[in-house]
Amino acid sequence: DAKTTQPPSMDCAEGRAANLPCNHSTISGNEYVYWYRQIHSQGPQYIIHGLKNNETNEMASLIITEDRKSSTLILPHATLRDTAVYYCIVRVSGQGGSEKLVFGKGMKLTVNP
Amino acid sequence: DVKVTQSSRYLVKRTGEKVFLECVQDMDHENMFWYRQDPGLGLRLIYFSYDVKMKEKGDIPEGYSVSREKKERFSLILESASTNQTSMYLCASRTLYEQYFGPGTRLTVT
Numbered sequence: 823d824a825k826t827t828q829p830p831s832m833d834c835a836e837g838r839a840a841n842l843p844c845n846h847s848t849i850s851g852n853e854y855v856y857w858y859r860q861i862h863s864q865g866p867q868y869i870i871h872g873l874k875n876n877e878t879n880e881m882a883s884l885i886i887t888e889d890r891k892s893s894t895l896i897l898p899h900a901t902l903r904d905t906a907v908y909y910c911i912v913r914v915s916g917q918g919g920s921e922k923l924v925f926g927k928g929m930k931l932t933v934n935p
Numbered sequence: 038d039v040k041v042t043q044s045s046r047y048l049v050k051r052t053g054e055k056v057f058l059e060c061v062q063d064m065d066h067e068n069m070f071w072y073r074q075d076p077g078l079g080l081r082l083i084y085f086s087y088d089v090k091m092k093e094k095g096d097i098p099e100g101y102s103v104s105r106e107k108k109e110r111f112s113l114i115l116e117s118a119s120t121n122q123t124s125m126y127l128c129a130s131r132t133l134y135e136q137y138f139g140p141g142t143r144l145t146v147t
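Here the protein sequences line up with chains A and B, keeping their order. 823 is the number of the first residue of the first sequence in my numbering; add one for each residue after it. 38 is the number of the first residue of the second sequence in my numbering; add one for each residue after it.
Bear in mind the hints are in silico, worked out from the structure with no lab data behind them. Ideal Cβ placement from N, Cα and C applies to all residues, glycine included. Check the hints yourself; a few may be wrong.
Partial list, derived from the structure: chain A residues whose beta carbon lies under 10 Å from chain B [said to hold, decoys possible]:
| id | residue |
| --- | --- |
| 1 | C834 |
| 2 | A835 |
| 3 | Q860 |
| 4 | S863 |
| 5 | G865 |
| 6 | P866 |
| 7 | Y868 |
| 8 | L923 |
| 9 | K927 |
Kindly produce the complete structure, drawing on both the sequences and the hints.
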């Protein structure tokens, strides 16, 4: 079972920031928060991950609350190509062997012109 | 850039046929995975491999087998295809932190 909850969908205007929320109230101390996205008819794509500090890369920023029970993925200037299903996942990182990514239903972000 | 490639984007097979789905990664990753994705069910893990010739069952291994003879290649085999195996099949390989997916193979079994 997915350990995260996300709204089913969200709209955003092109050029504006898209803030994608995720709740993970049962997260364990050694579990990371991961974000992936899946553009239609493609395989999922890794975006970013974090443990407790905020993280930023060339694609997005990840803000994790101090209690780690929720997080927000921020796409600073959304483009039409960011329209996709976004998955928030929690899992233990850095382990060998099995890594079962439980994707859940994700959240459909639609960026409108 | 990490590249995970899958042998076919679209495949149509008949019931009872033996089907091979090939996956190749070019980054020397040890861990490789096969998932299937169905509407409303999300991604489900079929098999994974953490080294050459090593394999472990995922959540839904029934009707499937795998082969990992070389580090870069992980094959999924449907011994006798059935209509309920019509699905999108996704291969992935991973580093310590990131999992990279191939483009997927949409398999239709008629």
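Each hint tested on the structure:
1. A hinted interface residue such as C834(A) counts as satisfied when its beta carbon comes closer than 10 Å to some beta carbon of chain B; here the least separation is about 23 Å, so the hint is violated.
2. For A835(A), the interface hint is violated, since its Cβ never comes within 10 Å of a Cβ in chain B; the closest pair sits about 28 Å apart.
3. For Q860(A), the interface hint holds, the least distance from its beta-carbon to any beta-carbon of chain B being 8 Å, beneath 10 Å.
4. For the restraint placing S863(A) at the interface with chain B, the shortest Cβ-Cβ distance is roughly 7 Å, inside the 10 Å limit, so the hint holds.
5. Using the Cβ-Cβ criterion of 10 Å, the hint placing G865(A) at the interface with chain B is satisfied: the shortest such distance is roughly 3 Å.
6. Look at P866(A): its Cβ gets to within about 5 Å of chain B, closer than 10 Å, so that hint holds up.
7. Interface hint at Y868(A): satisfied, since its Cβ lies 5 Å from the closest Cβ of chain B, which is below the 10 Å cut-off.
8. The interface hint given for L923(A) holds, since its Cβ lies 6 Å from the closest Cβ of chain B, which is under the 10 Å cut-off.
9. Look at K927(A): its Cβ gets to within about 6 Å of chain B, closer than 10 Å, so that hint holds up.
Violated hints, in rising order: 1 and 2; the structure is consistent with all others.
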